[in-house]
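Engineer: Chains as they are written, first to last, in the working numbering: chain A, 1 to 286; chain B, 1 to 286.
Please note that a few of the clues may not be correct.
The calculated PhoX-like cross-link candidates involving lysine-lysine, where the alpha carbons are at most 25 Å apart (straight line), are [to be verified]:
hint, chain 1, residue 1, chain 2, residue 2
1, B, Lys195, A, Lys111
2, A, Lys111, B, Lys111
3, A, Lys103, A, Lys25
4, A, Lys216, B, Lys195
5, B, Lys206, B, Lys188
Source of the hints: derived by calculation from the structure; they are not laboratory data. Here the structure is a predicted model, which means the values were calculated and not measured.
Number of protein chains: 2
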Amino acid sequence: MLLMKGDVVAEDILSKVKKTIEEKKLSLKLTAILVGNDEASKIYVSSKKKDCEKCGIASEVIHLSEKTTEKELLDTIEKLNNDDSVTGILCQLPLPPHLNEDKVIDSISYKKDADCFHPYNVGKLFIGNPIVEPCTPKGVIKMLEYYNIELSGKNAVVIGRSNIVGKPASIMLLQKNATVTICHSKTKNISEITKQADIIVIAVGKPHFLKADMVKNGCVVVDVGIHRIEDKTLEKGYKIIGDADFEEISKKASAITPVPGGVGIMTRAILMQNILTLGLTYQGKN
Amino acid sequence: MLLMKGDVVAEDILSKVKKTIEEKKLSLKLTAILVGNDEASKIYVSSKKKDCEKCGIASEVIHLSEKTTEKELLDTIEKLNNDDSVTGILCQLPLPPHLNEDKVIDSISYKKDADCFHPYNVGKLFIGNPIVEPCTPKGVIKMLEYYNIELSGKNAVVIGRSNIVGKPASIMLLQKNATVTICHSKTKNISEITKQADIIVIAVGKPHFLKADMVKNGCVVVDVGIHRIEDKTLEKGYKIIGDADFEEISKKASAITPVPGGVGIMTRAILMQNILTLGLTYQGKN
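Chain A extracted, bound-state conformation (with noise of 0.2 Å):
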């Protein structure tokens, strides 16, 4: 059985980015917004600052209060786009309920679109002519192609319909031409599907959904799922999990990843190759 640990992957991408900047003398920028005070928010910002460090990009985040106007967020983003030293936007979701999310994402320029999340750049993805890609679900590939996994021609089953991972992993396996199944909360009988697939990609956020008689000998699994789980047997009272019963699964599976340590590392690092790409595609044309 084949571990699929992501952090020698992600740390192989991170250090090509770096080689990249250095090689080319970029001065890329990420410009983070995080609205409100969301704890988990804060501390998906402060680790993507850090990723920048690390590869050479100039970062900074901008904290606006919980009680930001539609206006002032769109006025922020209007001059991220219009700043030639800013080559990538994120805006850190998710935001307060009062804040249109598909408009504030749609403000930002595709061009400095570093989560792949405007619609222009989901529609490249989706025609097959892509230049960014979705971290976390191009993590999921990136992973699935370090280890060898053959997907043309495989039954990969996809289960989770999300717009940040389930839609477009479906879509990036089917263009590596896999057989492409995806499976959600309205689909009947899902372990018969699941059962004939020889990859899972697994991200509906429910802690051991897929569970070891679900799948298949030899099936090959990719966990999205990451929750932390009360165990009052561990020290630190809680462990982390993900979507599928990773202890069972691996006694069937031939390849599988773990969480932590799997595809959550890998979302960060393809964040810092999409600033690498948004600055050589655009930089100097906005």
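Dock chain B against the given chain A, drawing on the hints supplied.
Structural biologist: Chain B alone, transformed into the frame defined by chain A:
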């Protein structure tokens, strides 16, 4: 067995489009660009013009020579983008090989993109927040809805993964809560997959690719293919057939679209609906 004919559905759409245009006193205009002398393209453009007349939409065809340069074509589009009287633009595909289709489609304002080929509009569709929708797959969905085919929780199999039909049809079926599998030329054991389908949408461009032994009893088949096949027993010397073997499959299916008389005409009707939608959404807001 239910024969899902397109003409009644298309007529229904066209008459609603016409009524809305009259009631709201809209001045809409489609400009179709035709490059070169492809006979099929000429026929398509002229039928679109006729549909416009039916609905009370003004229309014009700009017929450019086979030798038009990319710059000339892009300049023409730019003028139309800036012409407030033009509310919908389409560039009939395929283009002569010296012209870059992606670049041309990108250059059409997404606010006038009647075909829904622009990456921005494709991205909005993918995200689940569409403005316009691509004509043929939207025609497929409208047809299924008109004939009260339940989609939620059903296994839908899409055969073909083109940007114009297969991929968007998959996303649209997914958004109707079907469990969607996308098959293509690299799919192995395709009949194992099609035999489990409640609904099959086929758009592979191969005459009678789908045979009766590949489908289960009671399945629903939507056939997007259209082929002219020599048949000397007929006075006209040919017959029109689809991607599915209608005669045999209709003995097993619970519902099927005929070819001709099925999806084909729907594509044209949805184009008119898109022109209306663009007018309602953007007219006067260039």
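Engineer: Now, for every hint given, state plainly whether the structure supports it.
Structural biologist: These are the hints, each one checked on the structure:
{"no.": "1", "hint": "Lys195/B to Lys111/A", "verdict": "44 Å, violated"}
{"no.": "2", "hint": "Lys111/A to Lys111/B", "verdict": "19 Å, holds"}
{"no.": "3", "hint": "Lys103/A to Lys25/A", "verdict": "34 Å, violated"}
{"no.": "4", "hint": "Lys216/A to Lys195/B", "verdict": "20 Å, holds"}
{"no.": "5", "hint": "Lys206/B to Lys188/B", "verdict": "17 Å, holds"}
Consistency with the previously given hints fails for numbers 1 and 3, ordered from lowest to highest.
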